[in-house]
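Make one complex out of these two single chains by using the hints.
Chain residues, written in single-letter form:
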Amino acid sequence: MTIEEYLYYIILPILAISVLLVFCRFVMGPSIADRVVALDLLITIGITLIAIYSIVYDQSTFLDIAMILGLIAFLSTVAFSYYLEKRNRKKREKQRRDD
Amino acid sequence: MTNILIIILSSLGAIFILLAAVGFVRMPDAYLRISVTTKAVTLGVGLILASAAIYFDNLSVTSRVLAIVLFIILTSPVGAHLIGRASYFSGNKLWEKSVTDELDGKYQPNSHRLSSGEEFEDEDEKRKKKIKERDLL
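As you go down the protein sequences, you meet chains Y and S in turn. Under numbering that gives the first Met the number 0, the first sequence has 30 at position 31, and the numbering climbs by one with no breaks. Under numbering that gives the first Met the number 0, the second sequence has 112 at position 113, and the numbering climbs by one with no breaks.
Calculated directly from the structure, the hints in this document are not laboratory data. Any given hint could turn out to be false.
[Stated by the list, open to error] Mimicking DSBU-like on lysine-lysine, the simulated pairs with C-alpha atoms at most 30 angstroms apart in a straight line are:
1) S/Lys38 <-> S/Lys129
2) Y/Lys85 <-> S/Lys105
3) S/Lys131 <-> S/Lys38
4) S/Lys131 <-> S/Lys105
5) Y/Lys90 <-> S/Lys92
6) S/Lys105 <-> Y/Lys90
7) S/Lys92 <-> S/Lys38
8) Y/Lys89 <-> S/Lys131
9) S/Lys92 <-> Y/Lys93
10) S/Lys92 <-> S/Lys105
11) Y/Lys93 <-> S/Lys129
12) S/Lys129 <-> S/Lys105
13) Y/Lys85 <-> S/Lys92
14) S/Lys92 <-> Y/Lys89
15) Y/Lys85 <-> S/Lys38
[Said to hold, decoys possible] Reference excerpt, derived from the structure (chain S facing chain Y, CB under 8 angstroms, subset only):
16) Gly12
17) Ala20
18) Leu48
19) Pro76
20) Trp94
21) Tyr106
All figures in this text were calculated on a predicted structure; none of them were measured in a lab. Note that the Cβ used here is the ideal one computed from N, Cα and C, for glycine as well.
For reference, chain S alone in the conformation it holds in the complex (with noise of 0.2 angstroms):
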């Protein structure tokens, strides 16, 4: 039972990572690559690492497969955060065929500055008059 068990994981797990592998190669574009590999292999991982697990059936065993896959789940997105954000900063180009791009025209690349669409240019400016003339009065 345990046998079925293990090799129905192990299975899951490695057709996960080989196709993780087939769209890293295919992808046309680095987001879609960071996008690809950050899923399915966290995915293929936590299989092959729980039926580890199961095999050898042991306290100690189960606590360290658990702190690995828990480790790997919080850490792979924060990962491909940073990088598909330092790609972008470093001005590289999204697949010409992808929808939207919701961070054009947001960044300015000479002054390295991020806005979030919602604020005008000079609302911070105006702001700042505004608390003086507080001040003042």
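Next comes chain Y alone, as it looks inside the complex (with noise of 0.2 angstroms):
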């Protein structure tokens, strides 16, 4: 067994099934705050995935997008917090109106 049938046939589905449970929460997820996470977690997950691709295709360029992916959640995740708490904020003024 070589080094790239070991991770194209055993890491690969783990990380898969890892998606997969991710994902569940994703779709249950009660709170906006657990969807968020979830997502963010999607992408790094992904991340993972590219190396593990570059190392079987022997491609070291495929790299360079999972450096932008990082990138990506960290902003997506920044900004989704920005709004959550704008939206709370309007609410709450919103409240504090109709008292």
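Given below as structure tokens:
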């Protein structure tokens, strides 16, 4: 068994199962925070998938895309949390006005 | 030799990521879920990227991998803190069996004020009065 076969037939299925589990939580997730964290986690597992594929196909240029995905994951988390807090502020102001 | 090292590192990383995913489904509370994912997934990503760096054995790939790992280690706690803060402010409840809530009673949801618990309510106004009196004298 070469190392490419080991990665392709054992490591990739483990990562695929973990992606499925995270996607379950993304669908179930009772609050919005759970869904945002699940998205972040999906992108982070995508980085590892890209790393494994770059080993299997012997293409080191795939890692550039992994770097960009890391940047996008952080940006999306920050943007989502910013708009969550902003929405809460608007809701509070509306409540105060109603009172 | 390098093959064995790659197999060990990638297996450990995959196991950490799988455990993080299982914990993400099983944990009872949004904050516990955030805490699980930030730690275990960061370690798993670091291990698998390290195995890629060992496989290619190349300076450009190693520097790229180091940049990715450093960036993830820097940003994942910040993102977790931000999303946890936003979910606490939006009124997300803690698990009923959690031991402490250190922000309990220190956050007023209708005025969005967060006190540290050290100061008193009127201390700011008292200080302002003192400064005014000193200015008058």
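Handout entry: Straight-line alpha-carbon gap S/Lys92 to Y/Lys93, limit 30 angstroms
Key = Distance ~22 angstroms between S/Lys92 and Y/Lys93 Cα, so the pair holds.
Handout entry: Agreement of Y/Lys85 and S/Lys105 with the hint, judged by alpha carbon distance not exceeding 30 angstroms
Key = Status holds; Cα separation ~20 angstroms.
Problem - Hinted pair S/Lys105 and Y/Lys90, Cα distance within 30 angstroms - result: 20 angstroms, holds
Problem - Pair hint outcome, Y/Lys85 versus S/Lys92 [Cα-Cα no greater than 30 angstroms] - result: Holds, because 19 angstroms separates the two Cα atoms, which is no more than 30 angstroms.
Problem - Proposed interface contact between S/Ala20 and chain Y, which counts if any beta carbon pair is under 8 angstroms - result: This hint holds: S/Ala20 lies near chain Y, its Cβ roughly 4 angstroms from the closest one there, short of 8 angstroms.
Problem - Pair hint outcome, S/Lys131 versus S/Lys38 [Cα-Cα no greater than 30 angstroms] - result: Between S/Lys131 and S/Lys38 the Cα gap is close to 50 angstroms, so the pair fails against 30 angstroms, i.e. violated.
Exercise for the section: Decide if the proposed pair is consistent with the structure: S/Lys92 and Y/Lys89, CA atoms, cutoff 30 angstroms inclusive. Expected result: Within the cut-off at roughly 20 angstroms; holds.
Practice task
Assess, step by step, whether the Cα of S/Lys131 is no farther than 30 angstroms from the Cα of S/Lys105, and give holds or violated.
Solution key: Distance of about 29 angstroms is within 30 angstroms: holds.
Handout entry: Straight-line alpha-carbon gap S/Lys92 to S/Lys38, limit 30 angstroms
Key = 22 angstroms, holds
Practice task
Hold the hint about S/Pro76 up to the distance rule: shortest CB distance to chain Y must be less than 8 angstroms.
Solution key: 11 angstroms, violated
Practice task
Could you grab the alpha-carbon distance between Y/Lys90 and S/Lys92 and see if it respects the 30 angstroms cut-off?
Solution key: Answer holds: Y/Lys90 to S/Lys92 is near 18 angstroms, not above 30 angstroms.
Problem - Y/Lys93 paired with S/Lys129 [C-alpha distance capped at 30 angstroms] - result: Given pair Y/Lys93, S/Lys129 is violated - Cα atoms ~36 angstroms apart, limit 30 angstroms.
Going through the hint list in order, the structure does not satisfy hints 1, 3, 8, 11, 19, 20 and 21.
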